[in-house]
Amino acid sequence: MNKEEVEKTKIEVAHKKHEDSIKYMYFSRYLMIRYVVTIFFFTNLMWFIISASYGSVIGIVLSLIMGIYSAIASLEQLSKMHNRKRDIPITRIYLYVQMAFNVVLAILTFTPVGKTLFPFAINHDVQYFLLALLLVGILLAALCEYRIRQILKDKDRYYKVIETFKKHQQ
Numbered sequence: 000m001n002k003e004e005v006e007k008t009k010i011e012v013a014h015k016k017h018e019d020s021i022k023y024m025y026f027s028r029y030l031m032i033r034y035v036v037t038i039f040f041f042t043n044l045m046w047f048i049i050s051a052s053y054g055s056v057i058g059i060v061l062s063l064i065m066g067i068y069s070a071i072a073s074l075e076q077l078s079k080m081h082n083r084k085r086d087i088p089i090t091r092i093y094l095y096v097q098m099a100f101n102v103v104l105a106i107l108t109f110t111p112v113g114k115t116l117f118p119f120a121i122n123h124d125v126q127y128f129l130l131a132l133l134l135v136g137i138l139l140a141a142l143c144e145y146r147i148r149q150i151l152k153d154k155d156r157y158y159k160v161i162e163t164f165k166k167h168q169q
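Positions 0 to 169 (numbering that gives the first Met the number 0) are the ones given, in order, by the sequence shown.
These are computed hints drawn from the structure, not numbers from a lab. Because the structure is a prediction, the values reported are computed rather than measured. Be aware that one or more of the hints could be misleading.
Think about it this way: if two alpha-carbon atoms lie no more than 27 Å apart in a straight line, the pair counts; the simulated DSS-like pairs of lysine-lysine are [as the list claims (entries may be wrong)]: (1) LYS166 / LYS7; (2) LYS16 / LYS154; (3) LYS152 / LYS166; (4) LYS2 / LYS16; (5) LYS154 / LYS166; (6) LYS22 / LYS166; (7) LYS2 / LYS15; (8) LYS9 / LYS166; (9) LYS159 / LYS15; (10) LYS22 / LYS9; (11) LYS2 / LYS84; (12) LYS84 / LYS16; (13) LYS22 / LYS2.
Start from the sequences, fold in the hints, and give me the full structure.
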């Protein structure tokens with residue numbers, strides 16, 4: 000290889016690194032949302048396992064449905080690595096469903112239906128802990144929806160960094 004070819008190769012490699020960096024930056028815009036959906040997935044999985052060990056059919060079915068839905072939302076977010084569309088409609092619907100689900104479960108926690116859904120909630124301390132977890136879930140889902148709205152309007156901090164990085168090719 001001569002000197003010209005070496006320089007051309009270096010420029011091509013630098014350009015490829017720059018493009019890859021931009022791709023990862025776009026993917027990183029959804030990082031918090033991916034983590035929260037993953038938290039919901041594992042929380043629903045734990046509820047499924049506990050419900051199965053107690054034999055609560057309603058708990059098994061509901062936790063399984065929400066767990067599958069959170070897995071589908073996670074898959075949609077993985078597509079962001081190769082897709083620069085800003086909206087994530089499946090995840091948005093999932094977050095609204097999870098928020099509504101948590102509200103209903105929070106209301107039912109202290110009722111006789113709550114004993115069927117959460118047979119492990121044997122006293123008020125456990126019920127209050129469960130209520131706190133459900134309220135944290137509502138808050139996390141609302142924060143994710145806020146973050147998605149910021150991304151849709153290009154008002155998130157990642158967008159500014161991406162635009163600056165695009166202008167300054169290394």
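Going down the list of hints, with the structure as the test:
Between LYS166 and LYS7 the CA atoms are separated by roughly 21 Å; this keeps the pair inside 27 Å, and the hint holds. Proximity of LYS16 to LYS154 is assessed by CA-CA distance (about 26 Å); at most 27 Å being required, the pair is judged to hold. For the proposed pair LYS152 and LYS166, the alpha carbon gap of about 20 Å is at most 27 Å, so the pair holds. With a CA separation close to 21 Å, the supplied pair LYS2 and LYS16 stays within the 27 Å bound.
Restraint check for LYS154 and LYS166: the C-alpha separation of about 18 Å stays at or below 27 Å, so the hint holds. Straight-line distance between C-alpha atoms of LYS22 and LYS166 comes to about 15 Å, which keeps the hinted pair within the 27 Å bound. Of the supplied pair hints, the one linking LYS2 and LYS15 holds, its CA atoms being roughly 20 Å apart against a limit of 27 Å. Restraint check for LYS9 and LYS166: the C-alpha separation of about 19 Å stays at or below 27 Å, so the hint holds.
With a CA separation close to 21 Å, the supplied pair LYS159 and LYS15 stays within the 27 Å bound. Under the criterion of a C-alpha separation no larger than 27 Å, the hint pairing LYS22 with LYS9 is consistent with the structure, at around 20 Å. A hinted pair counts as satisfied when its Cα atoms are at most 27 Å apart, and LYS2 with LYS84 does not qualify at roughly 41 Å. Of the pairs offered as hints, the one joining LYS84 and LYS16 holds, with about 21 Å between alpha carbons and a cut-off of 27 Å not exceeded.
Taking the CA atoms of LYS22 and LYS2, the gap is about 30 Å. The hint is violated against a cut of 27 Å.
In the structure shown, a violation is registered for the earlier hints numbered 11 and 13, in ascending order.
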